[in-house]
Amino acid sequence: MRKTFGDLVAVDDVSFTIEAGETYGLLGPNGAGKTTTISMIAGILERDGGDVLISGRPHGTTSTWGKKRIGYVPQDLALYPDLSARENLRFFARLYALNRTEARTRIEEVLEIVGLTDRAKDPVKEYSGGMKRRLNIGVGLLHHPPLLILDEPTAGVDPQSRNAILESVAALAGEGVAVLYTTHYMEEAERLCDRIGIIDLGLIRAEGTRRELVALVGELDRISLTTDGTQAVPELERLPEVRKISSGEGHIEVMVEDARKTLTRILATVTEAGVVVRTVEVHEPNLESVFLHLTGKALRD
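Mapping to the UniProt record's numbering: the sequence shown position 48 is 48, numbers consecutive.
Since the hints were derived computationally from the structure, they do not count as laboratory data. Wrong hints could be hidden among the right ones.
Claimed, not checked - Within a straight-line C-alpha distance of at most 30 Å, the following computed DSS-like cross-link-like pairs (lysine-lysine) qualify:
(1) K125 <-> K67
(2) K244 <-> K261
(3) K132 <-> K67
(4) K132 <-> K68
To be verified - Simulated DEER-style distance windows between Cβ atoms:
(5) G129 <-> G60: 30 to 38 Å
(6) A215 <-> T271: 40 to 48 Å
(7) T279 <-> Q231: 41 to 49 Å
(8) V280 <-> R104: 19 to 27 Å
(9) S15 <-> E126: 31 to 39 Å
(10) G156 <-> T17: 48 to 56 Å
(11) E108 <-> P159: 22 to 30 Å
(12) D13 <-> E126: 45 to 53 Å
(13) L8 <-> A215: 16 to 24 Å
(14) Q75 <-> P159: 15 to 23 Å
(15) S128 <-> L267: 18 to 26 Å
(16) E253 <-> G296: 42 to 50 Å
For glycine and all other residues, C-beta sits at the position ideal for the given N, C-alpha and C.
Taking the hints into account, I'd like the entire structure generated from these sequences.
Spelled out as structure tokens, the structure:
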């Protein structure tokens, strides 16, 4: 996809796919092109070039077929505060042209998914910010969309509500929903997203799983051992998984590509050398370091 505003190239040939049941994180600093990209995918903004395909079929601003297959949950709440959660969902179900029987069943399913069944009769104006966010997600899910777009769904909510929202989003993968997720919280992306695209200045700078992105910038996992000796170092150096090793009195530090896969062998090698291991710490590089490396900015910049 491509989009320009005068001389400004806001989105420069951005391309990615999201499979059913997959959560794809689109991360980028402010002004990177995330909102423009999402608006084109949702059919809100006309593209200057490229295609958007929903279930293999072209989709654009005039595509009613495509828009029926997208659930779009914007940053700004789209709810009626004087209506209850159930009344809000009933109203939007009519907009989605669900028949009465289908709507009744789906509303109860959605209330369960977003954890609002017990408060379904209460006016939305009495809800906390997190509850409103969850209901907003529920509106986007009503019509069984194969693609759900969530634009910073946890912005401005308390930690407890935020966790409830993340649990609701995580449950969608089991329903086969493809989720496009943007956030300003790196830990959310690490927790939820199967794959991540890092966008900056309108370009996708890198794409992949957390492990793949970390590998792109050469980051390694670090295993730190507190021991009663260092005589295991020569044996550890012979292991093909070990990229670098350092040691001191009562301490061994091993650099590997995948600590989760190699930790058992590292510990077995140390123990076989007659070394007693007192403590073990595993440090995995996170997405924040990758993001800073690729964009030169923090996610919130």
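Hint check results:
Taken as a hint, the K125 and K67 pair is honoured in the structure, with Cα atoms around 29 Å apart against an allowance of 30 Å. Straight-line distance between C-alpha atoms of K244 and K261 comes to about 16 Å, which keeps the hinted pair within the 30 Å bound. Distance check on the hinted pair: K132 and K67 sit about 23 Å apart at the alpha-carbon level, within 30 Å; holds. With a CA separation close to 23 Å, the supplied pair K132 and K68 stays within the 30 Å bound.
Taken as a hint, the range 30 to 38 Å holds for the pair G129 and G60, whose Cβ atoms sit roughly 34 Å apart. Checked against the hint of 40 to 48 Å, the pair A215 and T271 fails, with Cβ atoms roughly 29 Å apart. Hint check: T279 to Q231, Cβ distance near 18 Å, so the stated range 41 to 49 Å is violated. Distance hint for V280 and R104: a CB-CB separation of about 54 Å, inconsistent with the stated range 19 to 27 Å.
At about 44 Å, the beta-carbon gap between S15 and E126 misses the expected band of 31 to 39 Å. For G156 paired with T17, a C-beta distance near 31 Å fails the hint of 48 to 56 Å. About 28 Å separates the C-beta atoms of E108 and P159, a value consistent with the hinted range of 22 to 30 Å. Checking the proposed 45 to 53 Å range against D13 and E126 shows it holds: the Cβ atoms sit about 47 Å from each other.
Range check, L8 to A215: about 33 Å between beta-carbon atoms, so the 16 to 24 Å window is missed. Hint check: Q75 to P159, Cβ distance near 19 Å, so the stated range 15 to 23 Å holds. Checked against the hint of 18 to 26 Å, the pair S128 and L267 fails, with Cβ atoms roughly 46 Å apart. The hint said 42 to 50 Å for the Cβ distance between E253 and G296, and at roughly 29 Å that hint is violated.
The structure fails hints 6, 7, 8, 9, 10, 13, 15, 16 (numbered hints given earlier, in ascending order).
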